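Model the full assembly from the supplied sequences, consistent with the hints where possible.
Here is what each chain is made of, one letter per residue.
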Amino acid sequence: ILNVEQSPQSLHVQEGDSTNFTCSFPSSNFYALHWYRWETAKSPEALFVMTLNGDEKKKGRISATLNTKEGYSYLYIKGSQPEDSATYLCAFPEYGNKLVFGAGTILRVKS
Amino acid sequence: DVKVTQSSRYLVKRTGEKVFLECVQDMDHENMFWYRQDPGLGLRLIYFSYDVKMKEKGDIPEGYSVSREKKERFSLILESASTNQTSMYLCASSFQTAHTDTQYFGPGTRLTVL
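For the protein sequence lines, the chains are A and B, in the order given.
In terms of my numbering, the first sequence has 12 at position 12, counting the first letter as 1, and numbering is strictly consecutive.
In terms of my numbering, the second sequence has 137 at position 26, counting the first letter as 1, and numbering is strictly consecutive.
Note that these hints are calculated values from the structure, not bench results.
Treat the hints with care, as some may be off.
[Stated by the list, open to error] Residues from chain A that keep clear of chain B, each with C-beta distances beyond 10 Å, as calculated:
#1 His12
#2 Glu15
#3 Gly16
#4 Lys42
#5 Lys58
#6 Arg61
#7 Tyr76
#8 Gly79
#9 Gln81
#10 Ser111
[To be verified] Straight line, CA to CA, 30 Å or less: simulated BS3-like cross-link-like pairs of lysine-lysine:
#11 B/Lys129 with B/Lys166
#12 B/Lys129 with A/Lys42
#13 A/Lys42 with B/Lys166
None of these values were measured; they are calculated from a predicted model.
Where a beta carbon is used, it is the ideal one built from N, C-alpha and C, also for glycine.
And the structure:
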């Protein structure tokens with residue numbers, strides 16, 4: 001089973017703070033890297049699918065970067081808001097569409 | 112919008128009972144997945160299916176079976192529930208099998224086995 005690691009495990013920030021967290025994955029046989037956001041009592045939803053080394057994707061205040069050579073991706077949230085509170089998951093395709101998920105980073109934003 | 116629904120949000124069963132968790136997707140997706148989520152462990156794949164009547168074991172299939180008689184429906188079966196199967200169960204679907212295909216998730220079923 002592939003090893004996909006996320007850090008930190010949890011993060012508590014104040015409203016307005018910017019924050020970032022990491023996903024580490026195997027650097028060999030890279031195909032894609034997925035980011036999902038899972039809010040409490042809701043379904044996990046896709047944020048980004050990243051495929052190219054050096055790729056940067058953005059969705060509102062959330063952005064992600066990708067380094068396939070060293071096997072990591074960063075997720076950044078600028079000016080965190082309480083509605084950003086969620087578990088952020090990254091996932092690495094083992095083969096086809098079979099995803100291996102990291103354990104997630106739990107973000108809590110205090111107002 | 113893709114919609115993935117699961118039959119129950121919360122379920123309480125007794126040890127030894129047979130448990131059925133149902134998942135339905137409405138977007139004609141080929142692939143469907145069952146995961147469980149436990150604190151500190153992330154989502155772990157139990158079974159998945161690339162087509163009707165086809166199934167493949169995921170990383171933790173022991174104690175579970177699945178059924179996919181129709182394209183839109185994927186059922187997870189606990190033949191004899193045990194307390195270590197208390198968990199959050201998530202169903203997902205995706206259109207194709209490309210590495211970049213997004214998976215769409217249901218809201219989850221929180222199962223407690225007493």
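Results of checking the hints against the structure:
no.: 1; hint: His12; in the structure: holds (17 Å)
no.: 2; hint: Glu15; in the structure: holds (26 Å)
no.: 3; hint: Gly16; in the structure: holds (29 Å)
no.: 4; hint: Lys42; in the structure: violated (7 Å)
no.: 5; hint: Lys58; in the structure: holds (17 Å)
no.: 6; hint: Arg61; in the structure: holds (21 Å)
no.: 7; hint: Tyr76; in the structure: holds (21 Å)
no.: 8; hint: Gly79; in the structure: holds (26 Å)
no.: 9; hint: Gln81; in the structure: holds (23 Å)
no.: 10; hint: Ser111; in the structure: holds (25 Å)
no.: 11; hint: B/Lys129 with B/Lys166; in the structure: holds (20 Å)
no.: 12; hint: B/Lys129 with A/Lys42; in the structure: holds (27 Å)
no.: 13; hint: A/Lys42 with B/Lys166; in the structure: holds (27 Å)
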